[in-house]
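Work the whole structure out from these sequences, hints included.
Listed in order, the protein sequences are those of chains A and B.
Residues in the first sequence are numbered consecutively from 19, following my numbering.
Residues in the second sequence are numbered consecutively from 19, following my numbering.
Hints are computed from structural coordinates only; laboratory data are not their basis.
There may be inaccurate statements among the hints.
Okay, the calculated beta carbon distance ranges per label pair [what the hints assert, rightly or not]:
| # | chain 1 | residue 1 | chain 2 | residue 2 | range |
| --- | --- | --- | --- | --- | --- |
| 1 | B | Thr85 | A | Leu250 | 34 to 44 Å |
| 2 | A | Pro260 | B | Gly87 | 39 to 49 Å |
| 3 | A | Lys70 | B | Asp94 | 18 to 28 Å |
| 4 | A | Lys272 | B | Pro380 | 51 to 61 Å |
| 5 | A | Lys70 | B | Gln253 | 25 to 35 Å |
| 6 | A | Lys272 | B | Pro157 | 18 to 28 Å |
Simulated pairs of lysine-lysine, DSS-like, Cα-Cα distance not exceeding 30 Å [said to hold, decoys possible]:
| # | chain 1 | residue 1 | chain 2 | residue 2 |
| --- | --- | --- | --- | --- |
| 7 | B | Lys347 | A | Lys93 |
| 8 | B | Lys73 | A | Lys70 |
| 9 | A | Lys96 | B | Lys73 |
| 10 | B | Lys272 | A | Lys73 |
| 11 | B | Lys189 | A | Lys272 |
| 12 | B | Lys272 | A | Lys189 |
The beta-carbon is built from N, C-alpha and C at its ideal position, and this holds for glycine as well.
Number of protein chains: 2
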Amino acid sequence: MKKHLLLSLIALITLSALSFSQQALFGGANIISPEVNPDNSVTFRFQAPDAKEVKLTGDWMPAQGWTPGSELMTKDDKGLWSFTTAPLASDLYSYSFTVDGLRNTDPNNVYMIRDVATVTNVFIVGGGKGDLYQVNDVPHGTVARRWYDSPSLGMKRRITIYTPAGYESSKQKYPVLYLLHGMGGDEEAWINLGRTSQILDNLIAQGKAKPMIVVMPNGNVVQEAAPGESTLGFQKPTMQLPNTMDGKYEETFKDIISFVESNYNVITEKPGRAIAGLSMGGYHSLHISRFYPNMFDYVGLFSAAIMSDPKVTSKVYDNIDATLQQQLKNGFKLYWIGIGKTDFLYKNNVEFRSKLDAMKFPYVYRESEGGHTWTNWRTYLSELAPQLFR
Amino acid sequence: MKKHLLLSLIALITLSALSFSQQALFGGANIISPEVNPDNSVTFRFQAPDAKEVKLTGDWMPAQGWTPGSELMTKDDKGLWSFTTAPLASDLYSYSFTVDGLRNTDPNNVYMIRDVATVTNVFIVGGGKGDLYQVNDVPHGTVARRWYDSPSLGMKRRITIYTPAGYESSKQKYPVLYLLHGMGGDEEAWINLGRTSQILDNLIAQGKAKPMIVVMPNGNVVQEAAPGESTLGFQKPTMQLPNTMDGKYEETFKDIISFVESNYNVITEKPGRAIAGLSMGGYHSLHISRFYPNMFDYVGLFSAAIMSDPKVTSKVYDNIDATLQQQLKNGFKLYWIGIGKTDFLYKNNVEFRSKLDAMKFPYVYRESEGGHTWTNWRTYLSELAPQLFR
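Listed below in structure tokens is the structure:
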């Protein structure tokens, strides 16, 4: 017995070493990429001795329309391609490599996020806004993926719920932010791409936001759950789902509120409810908040789509002006509109604000640089959350 | 106002179309890969007109030691490489492409899992064992990522907890399975690589397993949380963490039990506690269950490492035989040992079983095909779970 005492330990260490040499096979052993340098420039590295051209595409580079910018990388005599950026502002960024015309993720960076059907590497430059998106040494909330019953849609549906640190042991009733994704998104979008739990953990720890529950539902009424999380299996995600903006989600949103208010220790009056969303989720927030015109004291529209397709018939869109008037009459604390200067929905938002101005409907307007991007939506959440439930 | 009513809708559809053409740029538009064919053969496709050689590596192929097998793919006149396997047994599989010597994930498959520092695409072949790993039309449990206090380690630590469907509204007390990962793993390993929530949802719905809570802690005592989920930021994951098998985890495991039993509605006696783990997690399960010799009625060792390094001094390893004797004397319901015929820890397990036999320590032994793989560990969990809490 004794002679093999050490065998398992040696074997485990060997396993470890072999696993490393397997990484070496893929050019991954000792390469650090990306590396954020002391001056906040960032160095990317990619081992590909036989490649003729390697390009780096990053969301901080100037884009042409929807075509992202890119930079040529340089090869050294060992076949290692590299590129170092100018110093970057503190933020969360995404990037990919293009190797002889083929997109590749960075084999030395396991941190990736999925946006619709595209998986992209990410990194954070700290020292400013990016610190809000990092896990810091602060109390952490809980993130739960649950299933709730939606009788109005006749299905069980998956939902992501952030409860702040201390929630489980507290007797206090918490306010709730309903946070809605855009077209092509699902109940994973805000928690992954949006860094919701990090932003809330950090803002709450700094005393800048009130402890709140954040509810991230799936806004595609034909889906039970995000791609890969339903009985459809590992289907390829698509943007073009039916019934996303035809009134069904707005009309059945009561199922989500009912689930949250009967399953969580929350404030069940208007001062304890906020709703915000990006793009299609901004559209949903606009229409849900006036369809239930006495439900929410806080509304946030991030790069929002605005008006419904006139061909769509739904009681939700029957009386847009009248329900906005009713919402105004009922009163609310904050109606917040944020959009980037180059957003393709900019003009729609100008028109919507004119409509609100004509109605003397009060709102706070935030115009940022940039366009229809997660960079802006993370910023808007970071700016809106501190204004809620005051 | 009216003339731009449709603008936002059109713009959103345009955005969708542009996003698709962006995918087309990366060769991803209309390609389905992998495609499971009616006979359970699987076709892989990869668009790379300029590549000279594309290989497919899959975990169902015969491997040489730790070197996975691979197959050459064939290019058609449009630059689409493809390969179709023989019919595969129902299971969950992982694969990658190697393009002119460079590893690439499949750009048409967003479903990936991380194992230590390697990200790999996955797919499921249904019709048998693989059905257990799929999301089926059954009641679904909740998966929560929480943080608990570990006073013995002086830190807050992240933990993954599965609660079965109905837990939140039930008054009954649930049994708990503590499920431990291997070297290089963390609190994300069993829920992602192990498909724990799908396996439990399905077995419970079929009446094959009792509803139970599954607690998946982080077994690396130097880590607060999985890579990317702690203050260390987006660090490159490594296998070689200190203090993983020096007794600290076993000794401080009481913090985890204490957290679970004071925060969940659970049975707090031995008949309601099980512990199981893979590789290093099997080692931890062995040593935790005899270090707390009256705590668990069910123990599962999956491809377990067995004996401690004699150079390690810890009170945990001081009296291995005596504590096993004590565990035997105290009694338990099931001690389950599973290992694959080609596992590098096979011999250690033979010796451990001889030791148990000499002590007349009862156990159930399950020998499978294959080696030290997640394929086996998912199988072992699927087989052990139905035997718990009977």
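Practice task
Hint by hint, work out which the structure violates, then give me just those numbers in ascending order.
Solution key: 7, 10
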